[in-house]
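Following the hints, position chain B against chain A.
Listed below, chain by chain, are the residues.
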Amino acid sequence: MLRPSTRTILAALLLSATTSAHADKIFVSNERDNTVTVIDSDTLKIIKTIPTGKRPRGMAMTPDYRELIVCIGDDNRLDVINTDKLEVIKSFAASGPDPELLAINHKGDLIYIANEDDSLVTVMDRSTGEAIAEIPVGVEPEGMAVSPDDSLIVDTSEQTSMAHFIDAKTNKVLANVLVDTRPREATFTKDGKEVWVSAEVGGTVAIIDAKTFETKKKLLFDVPGVRPELMQPIGIRFTLDGKTAFIALGPSNRVAVVDTATYQIKNYILVGQRPWHLELKPDGTKMYVANGMTNDITVIDVATQKAEKSVPVGRLPWGVAVKPGQK
Amino acid sequence: MRMRSLAWLLPFAIISAANANLAPSPGINVEIGYLGRDYPEPLPISLVEPAISDEGVQGARLGLADNLATGRFLGQAYHLSEKIAPRNGDIISDAKALLQTTHLIVADLEPDDLLRIADLPEARDAIIINVRTSNDDVRGKDCRRNLFHVAPSWTMRADALAQYMAWKRWNRWFLLKGNTKEDVDYVDAMKRAAKKFGSFIVEERTVVFDPGNRNSETGHQQIQTQIPMRTQSAPQHDIVFVADTQDSFGDYLLWRTSVPKPVAGTQGLVAVAWSPLYEEYGGIQLQTRFRAQNKRPMTERDYLAWLAMRVFGEAITRSGKSDVDGWRAYIMSTQFQVAGFKGQGMSFRPWDRQLRQPIILTGPRTIVSMSPQEGFLHPTYLTDTLGVDAPETACKLSG
Numbered sequence: 001m002l003r004p005s006t007r008t009i010l011a012a013l014l015l016s017a018t019t020s021a022h023a024d025k026i027f028v029s030n031e032r033d034n035t036v037t038v039i040d041s042d043t044l045k046i047i048k049t050i051p052t053g054k055r056p057r058g059m060a061m062t063p064d065y066r067e068l069i070v071c072i073g074d075d076n077r078l079d080v081i082n083t084d085k086l087e088v089i090k091s092f093a094a095s096g097p098d099p100e101l102l103a104i105n106h107k108g109d110l111i112y113i114a115n116e117d118d119s120l121v122t123v124m125d126r127s128t129g130e131a132i133a134e135i136p137v138g139v140e141p142e143g144m145a146v147s148p149d150d151s152l153i154v155d156t157s158e159q160t161s162m163a164h165f166i167d168a169k170t171n172k173v174l175a176n177v178l179v180d181t182r183p184r185e186a187t188f189t190k191d192g193k194e195v196w197v198s199a200e201v202g203g204t205v206a207i208i209d210a211k212t213f214e215t216k217k218k219l220l221f222d223v224p225g226v227r228p229e230l231m232q233p234i235g236i237r238f239t240l241d242g243k244t245a246f247i248a249l250g251p252s253n254r255v256a257v258v259d260t261a262t263y264q265i266k267n268y269i270l271v272g273q274r275p276w277h278l279e280l281k282p283d284g285t286k287m288y289v290a291n292g293m294t295n296d297i298t299v300i301d302v303a304t305q306k307a308e309k310s311v312p313v314g315r316l317p318w319g320v321a322v323k324p325g326q327k
Numbered sequence: 001m002r003m004r005s006l007a008w009l010l011p012f013a014i015i016s017a018a019n020a021n022l023a024p025s026p027g028i029n030v031e032i033g034y035l036g037r038d039y040p041e042p043l044p045i046s047l048v049e050p051a052i053s054d055e056g057v058q059g060a061r062l063g064l065a066d067n068l069a070t071g072r073f074l075g076q077a078y079h080l081s082e083k084i085a086p087r088n089g090d091i092i093s094d095a096k097a098l099l100q101t102t103h104l105i106v107a108d109l110e111p112d113d114l115l116r117i118a119d120l121p122e123a124r125d126a127i128i129i130n131v132r133t134s135n136d137d138v139r140g141k142d143c144r145r146n147l148f149h150v151a152p153s154w155t156m157r158a159d160a161l162a163q164y165m166a167w168k169r170w171n172r173w174f175l176l177k178g179n180t181k182e183d184v185d186y187v188d189a190m191k192r193a194a195k196k197f198g199s200f201i202v203e204e205r206t207v208v209f210d211p212g213n214r215n216s217e218t219g220h221q222q223i224q225t226q227i228p229m230r231t232q233s234a235p236q237h238d239i240v241f242v243a244d245t246q247d248s249f250g251d252y253l254l255w256r257t258s259v260p261k262p263v264a265g266t267q268g269l270v271a272v273a274w275s276p277l278y279e280e281y282g283g284i285q286l287q288t289r290f291r292a293q294n295k296r297p298m299t300e301r302d303y304l305a306w307l308a309m310r311v312f313g314e315a316i317t318r319s320g321k322s323d324v325d326g327w328r329a330y331i332m333s334t335q336f337q338v339a340g341f342k343g344q345g346m347s348f349r350p351w352d353r354q355l356r357q358p359i360i361l362t363g364p365r366t367i368v369s370m371s372p373q374e375g376f377l378h379p380t381y382l383t384d385t386l387g388v389d390a391p392e393t394a395c396k397l398s399g
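Quick mapping for you: the protein sequence lines, in order, are chains A and B.
In terms of my numbering, the first sequence opens at residue 1 and continues consecutively.
In terms of my numbering, the second sequence opens at residue 1 and continues consecutively.
Just chain A, with the same shape it has in the complex (with noise of 0.2 angstroms):
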């Protein structure tokens, strides 16, 4: 009983999706629109918008890649979605309130909840989707990571402006440290020795010393004409090589390359507006950046550091995961 036209599409829906099986596929969370939009990496085009609960914002892959889990905010859970069927399969109610950011750590059997509205870390058994335990963090949890070998956790509170290491054998607090006011994003570098945590009103990213805890050295910002207090860090992603670092800046419309070896910033390259989250493709060739200002996300060449194309997504675009493709 379809009309012509919508079969037309459908089919060319259909067509699309079996064309490009190579292809990865990007996930994007529009915080306002409640969705998470699918790009396929090789034409750039939406596959999909899958509905999810409100305010959908911090999402992860599993490590076999099959689901993508998104923090739902405003319904105080998460959603699952399956990466082939591209559809909510089941919803996690025990994620704590206000869920922001999570992260799942290697082995794929525990998730880890940022819970901003209750200054909590929420470690959930992802096979039976309870919460095995809920750490004390400071106010306004936000950034959280797990190390490449699954030892330690990082969570960053923004209110108290602090990074907070957890070890993750105990669940308990090894060490607080102290970095810039605002503190939203954590991530090990590929070695695991650093993290690197972003102070979005301080500007500055602070690079903390997995063993010791101690600040190693704190990245500042500074693009000529820019105005010094829209340098405002938030995500950060590291290349497949470890040796360069892409840093979203925020209402500064930039993001920063930074050499991890001598920590200096080697070039800023212009997105779209407020970039936020961003993520590498599998294969390391390209960064994509969500920006939350322009509805839109940026694709990066990774080895020419160019902005290459925007892609229209939903509203309000908060984090980007990606799906390799079959090989």
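Simulated from the structure, these hints should not be mistaken for lab results.
Any given hint might turn out to be false.
What the hints assert, rightly or not - Straight-line Cα separation of at most 20 angstroms, DMTMM-like style, residue types lysine to aspartate or glutamate; simulated pairs:
#, chain 1, residue 1, chain 2, residue 2
1, A, K54, B, E279
2, B, K295, A, D74
3, A, K54, B, E280
4, B, K295, A, D117
Positioned in the frame of chain A, the structure of chain B alone reads:
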């Protein structure tokens, strides 16, 4: 299912601070005083707005909770001692008692009380943070070495509105004012702002309306006929500016003026440090925490008291000092910044100890804009385009 009860008993762990400027001050126990008076407050003109009896102090309590949350990781404890003097009570003896145990004061005080307390010999080395009055004199000719201001001044508010009017090109203002001291102060700031940002006042008119003329019974009929009469035959204008700090008639201007014009000032479009409607830059989180604590919206004074507590918290956490002189020096230094959900760090102007800050412009139901507006430039801080800048200050303190 929740495992919250033991949450606060977690033992302190290693404290790490590699940088000297991040050195925490462990093992200190800080008392902060909150000093207010039961001043007569104007009744809300709308029944929807609750009459609030604990405005300000609840913000300070939330600020205390935030400071404690950081402090427990650093081995720092905080206390809040609240003193609210009765309307005709002896606030000086209250202040003296408070100053015996703490030199960190959140001051919810009108200018006269504020200056009397700042001038007490016991307060000489105190840090008093004004969270209430917008009076420009206490930042200008009557400024004091021990007096800091997180509350925006009248000139900052008027400049914030004037920048928006310049952006809209609504340059012709029809000014209506009440007759209290505060009304006159705000009018002075509006006139200054008009001149500074290229607008002009086509006429200035005093409106006296009895407070408490509520919309009860047939009250609306009287208001409906009175307001057009009081606003008629003004020269051509783009906007009505109103200075009615007591909420006697300003809200009645909306929809009732003789010619259909928008309203700004103390009602209509207002310039504030905080509004219960504000949610940007993570502000929704502060609103949520406040509402969870108090079951009511967070007002501007609640926010300012919270912010004053956070100023003390930041100074104590980050200065590495354990004495009032050290904290004061840090607050006055260029390193200092406090985050207040405005998307940038905020610091004190050295010339009058006023916190530089973005100002929210809000209507009755939605946020309209934030000033400074794009395009108004300043060599050091864009927020210094709002209010009294260094070259024009009447404050004669140095450093």
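Between B/K295 and A/D74, does the CA-CA distance stay at or below 20 angstroms?
19 angstroms, holds
For A/K54 and B/E279, compute the direct alpha-carbon distance and say whether it is at most 20 angstroms.
Given that 20 angstroms is the threshold and the Cα spacing comes to 16 angstroms, the pair holds.
Measure nothing beyond the straight line between the CA atoms of B/K295 and A/D117; if it is 20 angstroms or shorter, mark the hint as holding.
Given that 20 angstroms is the threshold and the Cα spacing comes to 15 angstroms, the pair holds.
Regarding the pair A/K54 and B/E280, is the alpha-carbon distance no greater than 20 angstroms?
Roughly 17 angstroms between the alpha carbons, so the hint for A/K54 and B/E280 holds.
The structure meets every hint from the earlier list without exception.
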